[in-house]
Amino acid sequence: MAGLELLSDQGYRVDGRRAGELRKIQARMGVFAQADGSAYIEQGNTKALAVVYGPHEIRGSRARALPDRALVNCQYSSATFSTGERKRRPHGDRKSCEMGLQLRQTFEAAVLTQLHPRSQIDIYVQVLQADGGTYAACVNAATLAVLDAGIPMRDFVCACSAGFVDGTALADLSHVEEAAGGPQLALALLPSSGQIALLEMDARLHEDQLEQVLETAAQAARDVHTLLDRVVRQHVQEASILLGD
Amino acid sequence: MIPDWKVVQDYFEILEFPELKGIIFMQTACQAVQHQRGRRQYNKLRNLLKDARHDCVLFANEFQQSCYLPRERGESMEKWQSRSIYNAATWYYHHCQDRMPIVMVTEDEEAIQQYGSETEGVFVISLKNYLDNFWPDLKATHELCESILQSRRERENESQESHGKEYPEHLPLEVLQAGIKSGRYIQGTLNVNKHRAQIEAFVRLQGASSKDSGLVSDILIHGMKARNRSIHGDVVVVELLPKNEWKGRTTALGENDGESPSEPMPTGRVVGILQKNWRDYVVTFPSKEEVQSQGKNARKILVTPWDYRIPKIRISTQQAEALQDFRVVVRIDSWESTSMYPSGHFVRVLGRIGDLEGEIATILVENSISVVPFSEAQMCEMPVNTTKNPWKVSSEEERERKDLRKTHLVFSIDPRGCEDVDDTLSVRALDNGNLELGVHIADVTHFVTSHSYIDIEARTRATTYYLADRRYDMLPSILSADVCSLLGGVDRYAVSIMWELDKTSYEIKKVWYGRTIIRSAYKLFYEAAQELLDGNVDIVDDIPEFRDMDEKSRQAKLEELLWAIGKLTDIARHIRAKRDRCGALGLEGVEVCIQLDEKNIHDLIPKQPLEVHETVAECMILANHWVAKKIYESFPRQALLRRHPPPHQEFFSELRECAKAKGFFIDTRSNKALADSLDNANDPNDPIVNWLLRSMATQAMSNALYFSTGSCAEEEFHHYGLALDKYTHFTSPIRRYSDIIVHRLLMAAISKDKKMEIKENLFSNKDLEELCRHINNRNRAAQHSQKQSTELFQCMYFKDKDPETEERCIADGVIYSIRTNGVLVFIPRFGIKGAAYLKNKDGLVISCSPDGHSEWKPGSLQRFQNKITSTTTGGESVTFHLFDHVTVRISVQASRCHSDTIRLEIISNKPYMMPDTELFQQSSFLLKSDLVKEVTRSMEEAQLAQEVKVNVIKKDYQKYCQTKGRSLYTLLEEIRDLALLDVSNSYGI
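Protein chains in written order, with full-length UniProt numbering: chain P, 1 to 245; chain G, 1 to 989.
Calculated from the structure, these hints are not laboratory results. Since we're looking at a predicted model, the values are computed, not measured. Errors might be hidden in some of the hints.
Claimed, not checked - Derived list of chain G stretches under chain P, where covered just means 3 residues or more per stretch with a C-beta under 8 Å from a C-beta of chain P:
{"no.": "1", "region": "231-241"}
{"no.": "2", "region": "513-527"}
As the list claims (entries may be wrong) - From the derived model, a few chain P residues whose C-beta atoms are all more than 10 Å from chain G:
{"no.": "3", "residue": "GLN10"}
{"no.": "4", "residue": "LYS24"}
{"no.": "5", "residue": "ILE58"}
{"no.": "6", "residue": "GLY181"}
{"no.": "7", "residue": "ILE196"}
{"no.": "8", "residue": "ARG204"}
{"no.": "9", "residue": "HIS206"}
{"no.": "10", "residue": "ARG233"}
From the three backbone atoms N, C-alpha and C, an ideal C-beta is built for every residue, glycine too.
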């Protein structure tokens, strides 16, 4: 059988979504007691856990401290069982280093680091199940965790991926769609200002189409924002009820 | 009606019937097809869904919350699929508020029992039952159903019996793909040699694989065993054989076993088929005697396809005897490795063997051309133009368009009697002294809106098909012959291009594109225009527009027209000269006109070109060129252009050799050099030589193609033949779908200039590329069908003439190619090309007595580069050189299963005594007198609204693409498809 049809003539994707539709997003904040902030998110079958410590004093070498702002330290790891084939992923392999760097760039743009000079914020993200859009899930989980930790941010950071198939831009790619090898774009957005915290693109895409894909990704990110906002409000409400007792 | 997954898989052809409408395909069923039947059938299904004429829809039941059923533990895939489909059907029934009864068609007995009476209003029945109850009148479907059932049963039986294997199994797909990647196997398209279909086939390499493997030539597949069940046109994977098993191709003519194969070439065997390109095949059932000789198993019958390249097909049917004298369409179902021949099933009857209609239908099916009358829905979209309710220019359009009715003298030049005039010309002097040249093309897109029914139909047809005696229109005649046609004296919408030219140098200063309203003042025909150009004003009486004028205004008008035509010719000469400097090629084909009456062919007459032809052509080329520039500028990624890739130098070697034999040198390095050296290669004693050389040059070239600019690098846009950097087809939207697309692009480009919003009806690059492929494909089919129908008529012409006595069957021929056991001869008189043997089936060779007459004697043949010598045992010898004139006798070799073929026999090695000139005069004399007769008769016939049979269609496949309407004698031009090679890679610009 020849290649899989990613977008049917009727406009359905392999999993039955429309082109601009997101997967189901469920999230919870404050899942761990010992951390300063934590969150868990599910985007379809992609599941990620984020934990935040800080701001606290610089651990390890003092030389790394920055005089005017906080140091954001991100670490990414994915579970052995997260993908189809079971594989040990040691800390510090290239993929997780890259992902850590990307997360760091994203959050340095979003967190108001200048409020905490000479201190450190640790963000640890673990992917439990990877079904496409791991970067987006990590960012979204980390946002919630940072909010949970009460670290001041400019805005939510909402991330979403987008791809391009047969002249149509697809939002929130699943693993099957990613594996098909088309262009893929990851976007982290500060929704209220519309500023872009991070934009990454692999594979080639004609510049005429870039705008369309970008717009799809941005729209998806704004949709994510509404969802995350709801989660945060609900969490705050629950917490205030608990405190009220 | 909702078909079950199994029905969709096995009885898809029945669902394809246009009568069956309103079919709901469930996603589950579609996916089952995709998984089990592969891409080909799935694509068919997709096309069916897309085709608005069928009213079919896909329901994505697995994505619908209330229709989705998870597969239960232990439930088989098939059961789950049936259950899902039934569930969705029930849901849909309730969704329509129980008002529409739903029929689910399945072949699964259990499902019928289980679900049959579960829900009221949802009927579950078998396909046979369904057809019996709902379509009792549709006989064809019943027959088809029967034959599919039967062939399925056969197959099941067969797979149970364990035969010895006739062919090795194909390798699995993964192995093939890995093999191709590693270079172990080679992928290509299988081409079977028409003349040695049993033995020789070639695999033409595709794209990258040829570069990697370092092979230049095609790969030979020798014998049926090595071909391993692949059929002509399939995309196959080939494994090369070791060098010591390589074989050469035979160069001998006909079925005589090749004695002297050429040097060995890469030889391989097929290990797998990537894509089966099976289509409908026309076959003939064996005659009674043959059936008996086929033995006990009379229900399985071997039928012979019309196309030589297709192997015999096994059909199981009980109607064999009834179908004996008919041409029949069959489809191949499968080809098991245990079977010598593929097995198929019967689809429908076309017509009697030898009957004109049947044979024409055969040609159409073989070229996959389907022409049904336009449907009511399509006709409803058409404008009305009757005497009661005449079509008028609407006032909104009048505001939008530039009105040229008062300001411009617009006229058209077409063949006599042409109905669909799609181009007109105008030229006038501007106030500043400059000239303004205008080309006005019928505005078809105004009437054919994007994605309308008629648009879809036109897209499927892609072109008007011209056969030797009839044509199949792309658009209904209300458009093609009336409202779109730029007839004289009536207001019409047009799309115009106007250039401002410098008064002396004719340099283009400005160009304007836009929609206009025109009124053509004169509808001239070529001969009249030529006469006017030559200053011969007597012809005026033949022009209807002048007839009713008084002397004075007539004089004034005539002068105006004379000036316009003169100026036009002047401009055209100038542009042509400019193009010639860049190396444009003038490659004329034979222009032959067939005269017909009541199905009998009177005569085949070559025709002379006029200068006016060239003038009109030049203006059209100019228009096409400028439109191409414009749309490319506006839509660099999705414009439809036409390119003509430069030819491969290797293909010219034969041409060079031939020319050398005559002492000419042909320089083929560039189009300019080629054009010049072809002009020089002129033998004053024999004009045919130059003509033949040109025709050979044409053969060596690649075909011109439509393409989308997004899928090609800009350097490749070049048009080799016309020596233009960009070219497209714009000037005949009535006959070609490509022109309709170009019109839409141009309109979008103009509105883009004016900062208006572009309508979203342009194709994306990918869709356009697919469309181009379709149009190219259809054009090729049109050419083939035209060629085949011409051959059919040629054969019918000679069939009832006795070659021994009839004087017309003896003609002068020119040898243009040498083979090991014969020569290929071209007969200028009829434009026929064919083979003449020098050695007959008994092994006797030809010898010529001193007065030239030939006899068959025992002896041997010796072939050289430019000549062939036949030596008899008696020591006499005769030599035939290239370009020698000989006398040949034309006869027809009848064939039951295939088309008849023309046979040539050399009866003398001297030129035929009747001088050509005399013959031409005689025939043109005959033409004129007959013409008058036929004019009158066809007038009467038209009045009687009878089927006009006396029309011969002018073949329009010319470089300037003039329309040739249905006329009394129209002409068959440029039968270059009858050209030298049997591969008809004719050259179109």
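Here is what the structure says about each hint:
{"no.": "1", "hint": "231-241", "in the structure": "violated (count 0)"}
{"no.": "2", "hint": "513-527", "in the structure": "violated (count 0)"}
{"no.": "3", "hint": "GLN10", "in the structure": "violated (6 Å)"}
{"no.": "4", "hint": "LYS24", "in the structure": "holds (13 Å)"}
{"no.": "5", "hint": "ILE58", "in the structure": "holds (52 Å)"}
{"no.": "6", "hint": "GLY181", "in the structure": "holds (15 Å)"}
{"no.": "7", "hint": "ILE196", "in the structure": "holds (27 Å)"}
{"no.": "8", "hint": "ARG204", "in the structure": "holds (14 Å)"}
{"no.": "9", "hint": "HIS206", "in the structure": "violated (8 Å)"}
{"no.": "10", "hint": "ARG233", "in the structure": "holds (28 Å)"}
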